[in-house]
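J.: Take each chain as given, in its own frame, and dock them per the hints.
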Amino acid sequence: MSSRDSESQVFTPRPALPPPPRTVGLAGWARQNLFSSIPNTLLTLLSAYLVWVLVPPVIDWAILSANFFGDSNDACTGEGACWVFIGQRLNFFIYGFYPDPERWRVNTVFILLALALVPQFFPMVPAKVRTWLGVFALTLYPVLAAVLLMGGLFGLPFIETSKWGGLMLTLVLSYVGIVVSLPVGTLLALGRRSGMPIIRTICVLFIELWRGVPLISVLFMASVMLPLFLPDGVNFDKLLRALIGISMFWSAYMAEVVRGGLQGIPKGQYEAAAALGLGYWKATLLVTLPQALKLVIPGIVNTFIALFKDTTLVLIIGLFDILGAVQSAIVDPAWGHVAIEGYVFAALCFWVFCFGMSQYSQGLERKLHTGHKR
Amino acid sequence: MSISIDKQDPSGRTDGQRIGHEVGAEAMIQITDMNKWYGSFHVLRDINLTVHKGERIVVCGPSGSGKSTMIRCVNRLEEHQTGTVVVDGIELTEDIKKIDAIRREVGMVFQHFNLFPHLTVLENCVLSPIWVRKEPRRQAEERAMSLLERVKIPEQAKKYPGQLSGGQQQRVAIARALCMNPKLMLFDEPTSALDPEMIKEVLDVMVQLAESGMTMVCVTHEMGFAKTVADRVVFMDSGQVVEQAAPSEFFSNPKSDRTRLFLSQILKH
Ligand SMILES: Nc1ncnc2c1ncn2[C@@H]1O[C@H](COP(=O)(O)OP(=O)(O)OP(=O)(O)O)[C@@H](O)[C@H]1O
Ligand SMILES: [Mg+2]
Numbered sequence: 001m002s003s004r005d006s007e008s009q010v011f012t013p014r015p016a017l018p019p020p021p022r023t024v025g026l027a028g029w030a031r032q033n034l035f036s037s038i039p040n041t042l043l044t045l046l047s048a049y050l051v052w053v054l055v056p057p058v059i060d061w062a063i064l065s066a067n068f069f070g071d072s073n074d075a076c077t078g079e080g081a082c083w084v085f086i087g088q089r090l091n092f093f094i095y096g097f098y099p100d101p102e103r104w105r106v107n108t109v110f111i112l113l114a115l116a117l118v119p120q121f122f123p124m125v126p127a128k129v130r131t132w133l134g135v136f137a138l139t140l141y142p143v144l145a146a147v148l149l150m151g152g153l154f155g156l157p158f159i160e161t162s163k164w165g166g167l168m169l170t171l172v173l174s175y176v177g178i179v180v181s182l183p184v185g186t187l188l189a190l191g192r193r194s195g196m197p198i199i200r201t202i203c204v205l206f207i208e209l210w211r212g213v214p215l216i217s218v219l220f221m222a223s224v225m226l227p228l229f230l231p232d233g234v235n236f237d238k239l240l241r242a243l244i245g246i247s248m249f250w251s252a253y254m255a256e257v258v259r260g261g262l263q264g265i266p267k268g269q270y271e272a273a274a275a276l277g278l279g280y281w282k283a284t285l286l287v288t289l290p291q292a293l294k295l296v297i298p299g300i301v302n303t304f305i306a307l308f309k310d311t312t313l314v315l316i317i318g319l320f321d322i323l324g325a326v327q328s329a330i331v332d333p334a335w336g337h338v339a340i341e342g343y344v345f346a347a348l349c350f351w352v353f354c355f356g357m358s359q360y361s362q363g364l365e366r367k368l369h370t371g372h373k374r
Numbered sequence: 001m002s003i004s005i006d007k008q009d010p011s012g013r014t015d016g017q018r019i020g021h022e023v024g025a026e027a028m029i030q031i032t033d034m035n036k037w038y039g040s041f042h043v044l045r046d047i048n049l050t051v052h053k054g055e056r057i058v059v060c061g062p063s064g065s066g067k068s069t070m071i072r073c074v075n076r077l078e079e080h081q082t083g084t085v086v087v088d089g090i091e092l093t094e095d096i097k098k099i100d101a102i103r104r105e106v107g108m109v110f111q112h113f114n115l116f117p118h119l120t121v122l123e124n125c126v127l128s129p130i131w132v133r134k135e136p137r138r139q140a141e142e143r144a145m146s147l148l149e150r151v152k153i154p155e156q157a158k159k160y161p162g163q164l165s166g167g168q169q170q171r172v173a174i175a176r177a178l179c180m181n182p183k184l185m186l187f188d189e190p191t192s193a194l195d196p197e198m199i200k201e202v203l204d205v206m207v208q209l210a211e212s213g214m215t216m217v218c219v220t221h222e223m224g225f226a227k228t229v230a231d232r233v234v235f236m237d238s239g240q241v242v243e244q245a246a247p248s249e250f251f252s253n254p255k256s257d258r259t260r261l262f263l264s265q266i267l268k269h
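Going down the list, the sequences are from chains A and B. Position 206 (the first sequence) corresponds to 206 in the working numbering; numbering is contiguous. Position 189 (the second sequence) corresponds to 189 in the working numbering; numbering is contiguous.
Hints in this document: simulated from the structure, not taken from any laboratory. What you are looking at is a predicted structure, and each value in this text was computed from that prediction instead of being measured. Check before you lean on any hint, since a few could be wrong.
Heads up, incomplete: computed chain A residues facing chain B, CB under 8 Å, no partners named [said to hold, decoys possible]:
(1) G268
(2) E271
(3) L278
(4) G279
(5) K282
(6) L286
(7) P290
(8) K294
(9) T370
Quick reminder that beta carbons are idealized off the backbone N, C-alpha and C, glycines included.
Extracted from the complex, chain B is given alone in its bound form (with noise of 0.2 Å):
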């Protein structure tokens, strides 16, 4: 049997007063009944999960829990099996043009960056607004100043991302993705291949990216960041969802056995 607590109500959004925002009404993700094999290993159960509009989730789990595998359904880097998967309105299916439609709206950050080592900084970021969003490049190349402005490497465009640190390496990714005007980003451990002094500057952009609306699904273990960022956090283990919450109530009042031996475990260190 599926734990679900999502039908119910997507959570006791009480504690707004954090970081001010706005929460929509409408659902920016609606996972339901979502399964997944690979091959005959059974990694999604069940996933029933909503993502209102400028919701901030934050996801957490052991390790091979499918927390990756989740997120990477929402833009089809990985296909599900049965259930639904709904972005923005539109249903993700075998349609191509669906998956590229879904693909424009939806950033995605990377464990490893993934930045494309061929191209300078400013090359990586108005790659797909040319070649997708068929920008002239003027345009594109203001708007990624402007960006990478704002994650505060402006002098590094004209450089390779072989010559950066792996914190100007991420934030450059996190800038290269908002070049496309998302309306979701995805972060899968955005911060975990990083020097612990370049995981501040890397989470201090992500909190300004909160601060500005944008919907957010976090894959984490930075606690401090789900404090005073999350608007709930998602508790997964053996893929399924075990539990969610707004961050006060999950911290300081977790339902389930499974999520409190996690916690002591995580809060250990």
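Just chain A, same shape as in the assembly (with noise of 0.2 Å):
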């Protein structure tokens, strides 16, 4: 016995070290990414030059020498940006035509959006809450803002949409775009793997057609087309035209995306929901669409956000969003030369919520992310 105990030996585990030095703190992390060999180190001396070159005017346009203040061109005094232009027309830039004293109810329908919303970007709030909240943006909202914008009911002024515009437009279109996109793509694209042969050749030619066409001729065709194919005197809203042809195009790119992550999902996957009873439905449900959507999370991100930013071609077809709105404010000759402080201001109105958008995506994958994948 003596002898074997003297053979066997006994494992013990290595304690675990600190890295090496080089790698961690400032001067590790620049060595490591900025100047970790010769081409590495001449491109980070290039952006620096650039960065050096090109911020200083930037920074003294947008502030140092911009005017903020004021209720007219004439006060537009400096080398800078004049500001005070997006000031003066921000009512215009946000509401377009929408006459002055019903603009609460353009509020009403932001703020409503934004307690929706903006709950989803903390997760200290419980998450019932955000649950229940999403629902409510995805159900009751679109119904209370249509009838909050529209009016004609409730003792609420009708207001046509031809008034509509600005950035309350642009949301409109884009909401109404990403509400009936993703439910429509999603059964078009599980119709497009359907065993029955009818259902799958009506969903492929419904996307292929849809997809076949660019958005500018979808517009055309909904707001100039339609109307000859209409009888007399049957005259639906432009707005509406728009809304049904954007929805329908988008709903067509969505369809391909959401197809994309339901091919991505292992046959196991619906063997096992089959050996377990459960039928079609339950199993696409249950199991395989919450995994192909959470597979596609960029993908349909990525998609939202094209559509939002495509929403400024209804231009082409007299509706004017906020581009359209900083486009007919910037010739107004009652200004001087502003047209890059309108262009840079829609911009950033853009940027702002497509990054929110992406922000938000990204924040979900985490969420959703169940540990590392085979």
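T.: So, in structure tokens, the structure goes:
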């Protein structure tokens, strides 16, 4: 026995050591990321030079020699940006031609949207609350918003959609586009993978038809051609037609994104769900679709962002979204040369919303990450 | 010509001493003259197999012999083209209702576990009881916890499958199948995707399940398991049942030369 004991060795794991000093701390970080090789060092120096050349003039234009206060073009005396213009025309950029006394309705719609969506960014809000707010945003909210904005009910004066404009119109177009395209796109994706030939054919035709034409021609058709086919006297709203066109177009895109996700679900998942007795709809809604949607969150949000930005195309059928509003305001002879300020403002508005969507999707991906995949 | 020994006696079940249990007279699975093709490829050829209630069957055979396809025909993950498959008195046809009824009674465990990665272990287990059997959540969760205890991983209930080892995942998959209170369990190579250290923990659970009297059909190459647990070993090759016999008989005195070749090959390792 003693002889065996002397032969066998006791295994003790080595203690964990700190990483070598060259890889930690600020100096270590800089060495690894900025100066790790000669090309890398050259790139770092070049970037620093570009920042030095480009950033100070921009700051000077936008802030240091810009004019912020005043109420007309006369206030813009500096060399820099004339932000007075944005301040003075802000209401037009936000509400379009929506009549002044009724703008509280638009504000209410904005505030409700913010109340429903902003908590989604904060993990400390209880998950249940966030879920209910999400459900509200997708179901009751669109109805409420439509009634408030349109009016004609409950004593609210009716406001024609031709008066809608600016940021409000941009948000209406993109919100409806998003809320319709995801579910419709999902149904189309499921239909395209269906075992039933008729359903599959219909879905393939729908998707390929809408995807094959540019959005501009969809909008043209909706505004110019559709009325030709409708009987006289039937004249439904231009905005509504644009909304339908945008929703259908993006549903077709969304369908292919979601289908990509469904394609990525291993066959074993379908089989396990079937073996447990889950039928098609239960297996889809409980097992495969949640995984597929999670897989393609980046693609879905990418589509949302593209949709949001492409709402500017409604300009060509005579609807004034925020870009349209800015464009019509900068040609006002009462103001000097304010095109750059106008476009920078419009770009910033778009950027804020698109960046918000991107951040939200990244947070969602982190939250839904449930351990490493094999 | 097909080789079918089944029509005679469902095996010399004489060595019931190993794990005491009773085999009922009623058939749980009755497969008669079943054929299946993939396109023009004849995968299953005149399969005849009867599994009685309480019986434990081990199916073995070389790769590609149609073992998986055969047991997948029992819960209609694959469709057979001719012949009949009757499970617990219900014949499998196109009828969706009958397929659903059978799937509620038959649990299945897969080689690659196939747990749902977006749900926790507990949610995996209660999904089907709640949505298919319409059990109240509380009751389903209590049952799931007691089954997770039976497979010795109650402490993992709140984790996601991706955070567990292969052996733990496979035990969850077994618990998930058992949550439906199945009358029959199908295993398709449950240990062949596992590291050697984890095979035993899964086999232990399966032995324990056998002791409880569950009717089981296992595709496996774990011959030790076959020897201690199986009532009958079914050997398949080229889509046919070549031979079926009690394990003592099967291992010591195989009738077919194909079986002998197969045994000599796997016992070499
Ligand atoms: N979906 C399919 N389409 C066409 N051929 C298939 C399909 N699935 C399996 N096969 C073929 O059918 C035969 C039987 O396959 P099966 O998976 O049942 O074999 P197995 O005995 O389980 O093998 P293994 O031990 O490798 O799992 C194989 O030759 C396989 O290539
Ligand atoms: Mg197999």
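J.: Taking the closest Cβ pair, is G279/A under 8 Å from chain B?
T.: This interface hint holds because 7 Å falls under the 8 Å limit.
J.: Is the shortest C-beta separation between K294/A and chain B less than 8 Å?
T.: holds (7 Å)
J.: Grab the minimum C-beta distance from P290/A to chain B and call the hint holds if it beats 8 Å, violated otherwise.
T.: Holds, about 5 Å.
J.: Just to be careful: measuring from the Cβ of T370/A to every Cβ in chain B, is the smallest value less than 8 Å?
T.: holds (4 Å)
J.: May I ask you to test the interface hint for K282/A with respect to chain B, counting a Cβ-Cβ separation under 8 Å as satisfied?
T.: holds (5 Å)
J.: Against chain B, run the beta carbon of E271/A and see if the smallest gap drops under 8 Å.
T.: Constraint on E271/A satisfied, holds at 6 Å.
J.: Holds or violated: is the Cβ of L278/A closer than 8 Å to a Cβ in chain B?
T.: holds (6 Å)
J.: Given a cut of 8 Å on the nearest C-beta pair, is the interface hint for L286/A held or broken against chain B?
T.: holds (6 Å)
J.: Let me know if the C-beta of G268/A comes in closer than 8 Å to any C-beta of chain B, holds or violated.
T.: holds (4 Å)
Checked against the numbered hints above, the structure breaks none of them.
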